[in-house]
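> For reference, the chains in residue letters:
Protein chains: 4
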Amino acid sequence: MKPMHWIAGALLTLAGGDLALAQTRDQGPWWPHPRWGAGDQAGASNWITPEKVLAATALVKTGRMLELGHVYERGMPLIGSRSYNLFIPSFPTAGPFGPNGIVFNDEYVAAEIGQVGTQFDGPGHVGKQMKLADGTETIVFYNGATTEDMRDPYGLKRNGIEHVKPILTRGIYIDLAAYKGVSTLPEKYEITVADVRGALARQKLKESDIQPGDALLFNFGWWRLWPKPISTAGSPAYAGAELVQWILARQPSMVGSDANLDGPDALVHSELTMKNGIFNLELMNFAALEKESAYRFMFVFTPLRLKGATGSPGRPVAIL
Amino acid sequence: MKPMHWIAGALLTLAGGDLALAQTRDQGPWWPHPRWGAGDQAGASNWITPEKVLAATALVKTGRMLELGHVYERGMPLIGSRSYNLFIPSFPTAGPFGPNGIVFNDEYVAAEIGQVGTQFDGPGHVGKQMKLADGTETIVFYNGATTEDMRDPYGLKRNGIEHVKPILTRGIYIDLAAYKGVSTLPEKYEITVADVRGALARQKLKESDIQPGDALLFNFGWWRLWPKPISTAGSPAYAGAELVQWILARQPSMVGSDANLDGPDALVHSELTMKNGIFNLELMNFAALEKESAYRFMFVFTPLRLKGATGSPGRPVAIL
Amino acid sequence: MKPMHWIAGALLTLAGGDLALAQTRDQGPWWPHPRWGAGDQAGASNWITPEKVLAATALVKTGRMLELGHVYERGMPLIGSRSYNLFIPSFPTAGPFGPNGIVFNDEYVAAEIGQVGTQFDGPGHVGKQMKLADGTETIVFYNGATTEDMRDPYGLKRNGIEHVKPILTRGIYIDLAAYKGVSTLPEKYEITVADVRGALARQKLKESDIQPGDALLFNFGWWRLWPKPISTAGSPAYAGAELVQWILARQPSMVGSDANLDGPDALVHSELTMKNGIFNLELMNFAALEKESAYRFMFVFTPLRLKGATGSPGRPVAIL
Amino acid sequence: MKPMHWIAGALLTLAGGDLALAQTRDQGPWWPHPRWGAGDQAGASNWITPEKVLAATALVKTGRMLELGHVYERGMPLIGSRSYNLFIPSFPTAGPFGPNGIVFNDEYVAAEIGQVGTQFDGPGHVGKQMKLADGTETIVFYNGATTEDMRDPYGLKRNGIEHVKPILTRGIYIDLAAYKGVSTLPEKYEITVADVRGALARQKLKESDIQPGDALLFNFGWWRLWPKPISTAGSPAYAGAELVQWILARQPSMVGSDANLDGPDALVHSELTMKNGIFNLELMNFAALEKESAYRFMFVFTPLRLKGATGSPGRPVAIL
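Which chain is which? The protein sequence lines are A, B, C and D, in order.
Residues 1 to 320 in this note's numbering are what the first sequence spells out, letter by letter.
Residues 1001 to 1320 in this note's numbering are what the second sequence spells out, letter by letter.
Residues 2001 to 2320 in this note's numbering are what the third sequence spells out, letter by letter.
Residues 3001 to 3320 in this note's numbering are what the fourth sequence spells out, letter by letter.
Check before you lean on any hint, since a few could be wrong.
[Claimed, not checked] Under 7 Å between C-beta atoms, here's a sample of chain A residues computed to sit facing chain B:
#	residue
1	Val-60
2	Arg-74
3	Asp-106
Because the hints were derived from the structure by calculation, they are not lab data.
Note that the coordinates shown come from a computational prediction; the quantities given were computed from them, not determined experimentally.
Note that beta-carbon positions come from the ideal geometry of N, C-alpha and C, so glycine has one too.
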């Protein structure tokens, strides 16, 4: 059965970078994608089928909608050399027009827009330097796309975020902080599968309640510190090899958390996103969810179709 | 009854700019908003209550999801001096990191991001130059906010897009082009209420099927020309005073179209958005809807919460 | 004699904002400029006549050229919400072209380019809120230009930096730090005219050696701290009312320093630049000059002609 | 003698890309630079010695200063996907401050700032794809710097424009349009050495009047069409192999023209700038010079020291 094979293949690649497998442009350790096929650029958003959408809407009971993201603003924490600037050019920007003196304002934004604040990593964000069988040194991304396939100064030619489908799926909220009885998980703590199972059990959910294509959202309690998470020394709790393997076996459309979920070996970025096209929504905000006892809900996140972008900002919501 | 009074007040303002009414900061021809109250910044997105969400999800039958927006890309048509630029800083932007040689790409976007491509006008986009009762000359926006309340070089202090709620509502698609039997409505054509009623009837919908808080989406067939609509000489068909009055009476949360819906008197911008907080999603793409006979559906549009922005890009979808 | 009258008028305005003089668009406390006339936008760069250029070149003895500015780079200190970002879009940005495989790189800069690092304040940078005789509340800039004359979202319509002439003049270096025997002047120290005279005397220069149109460059020793001057708590030494009056009487084309020269009352910005069009080059770097005993030289600074900009970056040099 | 050898070497490389010479990181067909040595990043700006500055100032007779560049503005012609945007964030950007109500304006510029309008190509702008002796495929720039040496998303690590010295030298104006008796040289016309000699003779200059380190400025009459030169179909007149060889033998610090001087084989970019570090100032404006009979003057161009940039805007001037 394909999924099993796929998982096996994915796990195999966990073992180490350089496999005995051929690593050509057509075939390599993680490409073509065993489920979505050669040429696919939508990754695990392919799980969002009409059936999946119906399964998600079936979870709506009260119609209450909760915000799961942060506001984008100057001064929010940014990684590395990224920046976020918003201006109002003049005030008003245009007008007055006509006898009624109507005026208009615009905003100008200059930012690494898909990689700041609440951010969704697309298929062109993470790659790995490799030597292919023909001796070419290149970088390989989701589904075997290489530097040559993708590189363009004005937007990725392949694996741009515009290929990712809107995410409207079942959201599974896994409140690790509540399970551990802490307001925020300790730094550098590797989350175990037992933790996840314990959190699910506390929420009266079984592992088998998770279905392929769900969005798995992990609460570290880290959102409480916003806007300080990034500037804090050290890294937050993270998913290591064990949890990454468990996530892969769940076959989600995406993962999310109030941090970036990833640990020192970057397995979330490499195993989930790069190899399997399971997208990662970082720096979510679970303030609204905390006041509820809601663990399954309709989850909506619609990545902006910015042609050739590596990621997207957005406004994730839960509908209870 | 409040709504009637509200509509009457709104229509009154249609008659002319300078009324005998006091126009102070606290009270003016269109403020405080009779329904949402003084200080409200969410406008007609307030219609999106839990009940409204349930009414929207009740329309989901098959779970099929359709895109209703364009891809954002260099070279798309832009109004006036607006611009849209996206870069990939180097390739890759960061890395390689660690023994696995993991690398990352970012994108940098510099654009009037809320006012390019498929764009949603928020409460801070449209204002009117006025003289208040105390002699102050200022610009007044939604709910009486003035230049003094809003002006800041780095984002509006009031009426920023971040105050608008996510739109998850019933979408009503009104296919004017199909009703008129044309591929695109003629330029400078003022759409009549009879046209709208005819289009609804053709779609087996009654005017009374429209409920407060619905999103009203008008098809001009204009999306067919994309990416050329703006550069075309002249303006597309539009809503004039009659249709604007009809829309006001329907009390939608927002309107949308594949143009900007507005005519030479800018009544959509002024009467709907500025005075009544009914937001306007411009330059939609109805290519996917055309292949369906779907006129009522769950409609989702989640404006980005860019603090102090005048509008938002986004990815509107219909779920059938 | 005009200059005397002019200085008297300028000093008069030092006394207080609201004068009994008429403050119309045509005439106000500092406009029209008594020397350069109504409509002038070049300010004290008008001093740069052919005679002045000859006087400057006459100072060249050895031909040695010294840098008097900082390098512009990410991470340099910035005031307020200003930013400076430079990218290389991809690498290379374009190509390869032709049989020789020629490629090209571009850089993309997003910055308050005329107000970061070594920066030159132009005639549109500083204004003052005023009520004119006709009751209009506006902001008035150099030579009486108002908000209405200048405001445009895409560049000042009047008083843009492109009107300022290239500065090639006699540079007079006034080493206040050396005179006071300190590496950097103490913070919040108001420089006295006696200090300036003492510094000149130490340099074997007389006050009468300063000629109209010279560039007066004041060393605080502050450049030593770069890139830390702005982040340092407190403000550096500054020119107060006494020194500003002395500078006005010298009639320089511009002033410069390794800080911004200005004190808590902003007299440098208001009296020199706004009222008299004497431009101010901030955050200079005197590292190279310190090793010399050079106090008079040819000074060159060519502001970029960025249409409608408020200031300019640049590369000031001294030629000994 | 070194210079002869250098010219010979440079010419040799004109013959073809792939030489029998070793092409290692340390030694290749054009590196290390025979005159400026391994590691040099200043190129032919090294000619600007104190003696050269004295030779330039010696040309100053009247002190008249002429602009030789264009104003930078929205709407100017741009190559490829480059852009130029300038904003005034609000109006004013900051303030009012203090009892005097002082306000400030900033400008925000987002542009390929060193590669728009009158632009100066630095040592990191032009490279060539090559295979080195050790099999590495890379791009090689001025003085042998490779992709590995230079690539960084936030500015070139090597060969950035900040290494180029201020240009204050003798300017030699060669009016080809006047010599040919045309207002603009015909398109696709390869300028001959005979043309240049004819133009010099018409100007009463001998070839031997040109000295190493001079700036050679070629007038095509193309500035007359500004702001339309780039949008014009076809390319302007250009320097081909013969003229490039002649220029190399003159050993200028830089070349300039009112176009980009280069022809279909990009020999100006590759032979002059990439191989020999002779910088190229493009899109100059000779309107002011046309009214004079001035062919030798002091020439000043001070590239901005934007760390890691590929080029620079600026304000070239001639002092007669």
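> Decide, hint by hint, whether the structure agrees.
These are the hints, each one checked on the structure:
Below 7 Å, beta-carbon pairs count as interface contacts, and A/Val-60 has one with chain B at about 5 Å; its hint therefore holds. Because the beta carbon of A/Arg-74 sits about 6 Å from the nearest beta carbon in chain B, less than 7 Å, this interface hint is met. About 5 Å separates the beta-carbon of A/Asp-106 from the nearest beta-carbon of chain B, less than 7 Å, and the hint is met.
Figure legend: structure checked against the earlier numbered hints; every hint is met.
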